[in-house]
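Engineer: In our numbering, the protein residues as written are 118 to 218.
I should point out that these hints are in silico values taken from the structure, not numbers from a laboratory. Just so you know, not all the hints are guaranteed correct.
Unchecked claim - So the derived label-pair ranges between C-beta atoms look like this:
1) E193 x S150: 16 to 24 Å
2) A163 x P197: 31 to 39 Å
3) Q164 x W138: 16 to 24 Å
Ideal Cβ positions, reconstructed from N, Cα and C, are used throughout, including at glycine.
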Amino acid sequence: GCISVVPQQGWMGCNAEVGYWIGQAHWGRGITSEALQLVTGWAWDAQPALTRLFAPIFAWNAASQRVAAKCGYVKEAELPRSAIKAGRVIDRVQYAAYRPH
Numbered sequence: 118g119c120i121s122v123v124p125q126q127g128w129m130g131c132n133a134e135v136g137y138w139i140g141q142a143h144w145g146r147g148i149t150s151e152a153l154q155l156v157t158g159w160a161w162d163a164q165p166a167l168t169r170l171f172a173p174i175f176a177w178n179a180a181s182q183r184v185a186a187k188c189g190y191v192k193e194a195e196l197p198r199s200a201i202k203a204g205r206v207i208d209r210v211q212y213a214a215y216r217p218h
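Please put together the full structure from these sequences, using the hints given.
Structural biologist: What follows is the structure in structure tokens.
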């Protein structure tokens, strides 16, 4: 598996994109949720300028949406026809977490 935090540049510099995936053999064990919680905490500590973390997720990926929600991310937007995967145009949703006050 993998998890990443990619800070944005310029006027989007207070944001970072979060992405994650895990092999099917490890699904349903809470590993991704634990990793996202840890990385989210690390991002707030390590990057004081960040105010928002966002996770674009394929709309059909209910498990990934559950992970984001479990970790305190909220569904911000539906992004119809916003990506191409395997030659097909697909919808995404976007979840975000905001720096605690």
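Engineer: For the pair A163 and P197, does the Cβ-Cβ distance stay inside 31 to 39 Å?
Structural biologist: Hint holds: Cβ distance 34 Å, inside 31 to 39 Å.
Engineer: May I ask you to test the hint 16 to 24 Å on the CB atoms belonging to E193 and S150?
Structural biologist: holds (19 Å)
Engineer: When you take the CB atoms of Q164 and W138, is the distance between them in 16 to 24 Å?
Structural biologist: Hint holds: Cβ distance 22 Å, inside 16 to 24 Å.
Comparing the model with each earlier hint shows no violations; every hint is respected.
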